[in-house]
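Please build the complex by placing chain U on the supplied structure of chain D, with the hints as guidance.
There are 2 protein chains.
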Amino acid sequence: MFESQLSPFRGTDNCVRLVGHRGARGIMPENTILGFEWTLRMGVDALEFDVMITRDGVPVIVHDHHLNAATARGEDGIWLSEPGPAISDLTFKELQQFDVGGLNLQSDYGMRFPEQAFLNKLRVPSLDQLLDLVARPEFSHVRLMLEIKSAPSDTNPALEREKVVRAVVNSVRKFGIQPRTVLHSFDWEILQICQAQASDMPSSYLSNVPDQPEDVADHALGLGKFGGQYASAPDAVAQMGGRIWAPHHSDVTRDVVAHAKSLGLIVATWTVNEIDDICRVTKCGVDAIVTDYPARVQRELAKRNMVWRDDPSSHPADLSPAV
Amino acid sequence: MFESQLSPFRGTDNCVRLVGHRGARGIMPENTILGFEWTLRMGVDALEFDVMITRDGVPVIVHDHHLNAATARGEDGIWLSEPGPAISDLTFKELQQFDVGGLNLQSDYGMRFPEQAFLNKLRVPSLDQLLDLVARPEFSHVRLMLEIKSAPSDTNPALEREKVVRAVVNSVRKFGIQPRTVLHSFDWEILQICQAQASDMPSSYLSNVPDQPEDVADHALGLGKFGGQYASAPDAVAQMGGRIWAPHHSDVTRDVVAHAKSLGLIVATWTVNEIDDICRVTKCGVDAIVTDYPARVQRELAKRNMVWRDDPSSHPADLSPAV
Numbered sequence: 005m006f007e008s009q010l011s012p013f014r015g016t017d018n019c020v021r022l023v024g025h026r027g028a029r030g031i032m033p034e035n036t037i038l039g040f041e042w043t044l045r046m047g048v049d050a051l052e053f054d055v056m057i058t059r060d061g062v063p064v065i066v067h068d069h070h071l072n073a074a075t076a077r078g079e080d081g082i083w084l085s086e087p088g089p090a091i092s093d094l095t096f097k098e099l100q101q102f103d104v105g106g107l108n109l110q111s112d113y114g115m116r117f118p119e120q121a122f123l124n125k126l127r128v129p130s131l132d133q134l135l136d137l138v139a140r141p142e143f144s145h146v147r148l149m150l151e152i153k154s155a156p157s158d159t160n161p162a163l164e165r166e167k168v169v170r171a172v173v174n175s176v177r178k179f180g181i182q183p184r185t186v187l188h189s190f191d192w193e194i195l196q197i198c199q200a201q202a203s204d205m206p207s208s209y210l211s212n213v214p215d216q217p218e219d220v221a222d223h224a225l226g227l228g229k230f231g232g233q234y235a236s237a238p239d240a241v242a243q244m245g246g247r248i249w250a251p252h253h254s255d256v257t258r259d260v261v262a263h264a265k266s267l268g269l270i271v272a273t274w275t276v277n278e279i280d281d282i283c284r285v286t287k288c289g290v291d292a293i294v295t296d297y298p299a300r301v302q303r304e305l306a307k308r309n310m311v312w313r314d315d316p317s318s319h320p321a322d323l324s325p326a327v
Numbered sequence: 005m006f007e008s009q010l011s012p013f014r015g016t017d018n019c020v021r022l023v024g025h026r027g028a029r030g031i032m033p034e035n036t037i038l039g040f041e042w043t044l045r046m047g048v049d050a051l052e053f054d055v056m057i058t059r060d061g062v063p064v065i066v067h068d069h070h071l072n073a074a075t076a077r078g079e080d081g082i083w084l085s086e087p088g089p090a091i092s093d094l095t096f097k098e099l100q101q102f103d104v105g106g107l108n109l110q111s112d113y114g115m116r117f118p119e120q121a122f123l124n125k126l127r128v129p130s131l132d133q134l135l136d137l138v139a140r141p142e143f144s145h146v147r148l149m150l151e152i153k154s155a156p157s158d159t160n161p162a163l164e165r166e167k168v169v170r171a172v173v174n175s176v177r178k179f180g181i182q183p184r185t186v187l188h189s190f191d192w193e194i195l196q197i198c199q200a201q202a203s204d205m206p207s208s209y210l211s212n213v214p215d216q217p218e219d220v221a222d223h224a225l226g227l228g229k230f231g232g233q234y235a236s237a238p239d240a241v242a243q244m245g246g247r248i249w250a251p252h253h254s255d256v257t258r259d260v261v262a263h264a265k266s267l268g269l270i271v272a273t274w275t276v277n278e279i280d281d282i283c284r285v286t287k288c289g290v291d292a293i294v295t296d297y298p299a300r301v302q303r304e305l306a307k308r309n310m311v312w313r314d315d316p317s318s319h320p321a322d323l324s325p326a327v
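As given, the protein sequences belong to chains D and U, one line each in that order.
Note that our numbering has the first sequence beginning at 5, numbered continuously upward.
Note that our numbering has the second sequence beginning at 5, numbered continuously upward.
Hints were generated in silico from the structure; no laboratory data involved.
Here the structure is a predicted model, which means the values were calculated and not measured.
You can trust all of the hints, since none of them are fake.
The calculated lysine to aspartate or glutamate pairs, modelled on EDC-like cross-linking and capped at a C-alpha distance of 20 Å, are: (1) U/229 with U/164; (2) U/125 with D/49; (3) U/265 with U/255; (4) D/97 with D/136; (5) U/125 with U/80; (6) D/307 with D/17; (7) U/307 with D/112; (8) U/178 with U/54; (9) D/265 with D/239; (10) D/307 with U/119; (11) D/265 with D/255; (12) D/125 with U/142; (13) U/125 with D/314; (14) U/229 with U/239; (15) U/229 with U/215; (16) D/229 with D/164; (17) D/125 with D/79; (18) U/307 with D/80; (19) D/125 with U/314; (20) U/307 with D/119; (21) U/229 with U/166; (22) D/125 with D/80; (23) D/125 with U/49; (24) D/229 with D/255; (25) U/265 with U/7; (26) D/307 with U/112; (27) U/167 with U/93; (28) U/287 with U/17; (29) U/229 with U/193; (30) D/178 with D/60; (31) U/167 with U/132; (32) U/97 with U/60; (33) U/97 with U/80; (34) U/125 with D/142; (35) D/97 with D/80; (36) D/307 with U/80.
What the simulated footprint calls covered on chain U by chain D, stretch by stretch (three residues with Cβ under 8 Å from a Cβ of chain D suffice, anywhere in the stretch; the number is not a length): (37) 44-56; (38) 115-124; (39) 298-306.
Every residue gets a Cβ at the ideal spot worked out from N, C-alpha and C, and that includes glycine.
So that you can see chain D by itself, here it is in the shape it has in the complex:
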């Protein structure tokens, strides 16, 4: 079951799958249509990205619940002050006034991505815009690792979770992309809802290592809440019905990967950007690497005579334009 969605994420002895993180955040503005399109054109066949809903219920592709002041400029061309407005307080139309094409190079976040192109007039895309892109025949091989973000509101979290799942699933089905979509979340309750409401798509359980203050909240929604009842993180994922376990790379060891695989899980680790980490997780036998720098992973695999595609020369996205 779920072979059409899962096999493109499953590695072999000489193949590690390559997943572009928010497109390819290292070189193009994150979570933008331009960035996604060019990540695909650069030979990456799977995209990871983040979805939440606007006040008027439109699923949009953006990572933070409040617009990141380091990436978003107002109509005056100036970056926002922290905290940016909450996505859940804006309509889709209001959200379109912000330009997310260029990092504030004075910010800590901006300094983390020194090779990212600086663009203007890029907008937070709707999920439908990305689905429309990958519905093109030239991108029919592309797979989506669609991360659903839980709503920050505490007033009725169960209702909020139902609402975002319903909106996302409706969009994916409207474009007929469910045979190419994996639903992915740190919020394991959301994934339980997905498994109940969208049994046509497999789920991918994210976990992190809550050693940074900003990671505590995500941890508390998933492994932190449910993990204690199980022998290990992969045991929890397998018994909760997950098909992919997506651990932070610092959690990856050869033993835990072997154990996850013995439970039938695929291991997709994130966000692996440094050469040493790429080498280490490859040696540990992970199935897939989620990265901001796809070319680095391509290079490290090529050095080892490894591939990231079944047939590296057969994909239409590689073809030069016709003469």
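Coordinates of chain U only, in the frame set by chain D:
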């Protein structure tokens, strides 16, 4: 005269022009249509690239007279042995059998570009393919710095020079791109022919510092041959009728830039990839920077509240796809 071609290469106190070297060699396969299009989409408005002619007289975009064994694979998927076949010995059709989408990561050349995407089935483009790309309305603002390579044959160099210039100029005129093209060469005799045969396009005089064995031949065709008759390199360029002087970045000083500008020249320096060099040539007041890493230059300019475009928010290439 030549304002339509030259003003996009002329800097101001708060503007340094950005030129993508062979596209953006640092991140995309060099001198490929896919690489050029990506570079334009990333907010770069001028492309530098290399043109020579095949045995059957087709102008093609490739840097080395013999196919570079570090970039070219045969139909068996294996990189060539040195030396690769001479471009002048191949027809355009024969040249199309080689795949120039992926660097040999074991080679010295391949190791120089650790962030370059690895692609398959990319071919050496004809000049016409690039002209066709930039003839699209969305790229009507794009400028070309078209480097003409002299033929290596010694049998009749004057005839060879006439032939390549004629082929290049015919192609550019066929697409009507001469108001956006600068003719650029290390071979200053070629530029003299261009000035005689193509008075509708300005010329750009390349010079290098022959401190590496591979640079000696280029030097001998231009500054090394003609420079001794003039007070300085910029004096030579100005008196020979050039409009742009394109020195290697190690030749750039504040004084020589000021002198070149006092002669009415534009100074476009190459190939500036390291942050320290980008900062240094910017302080020296160059008009334009030719780079393998456009995002680095964008970032360094943005840090100084400098721009690379007249109106950074007005270019169609920046616009997100429509909803």
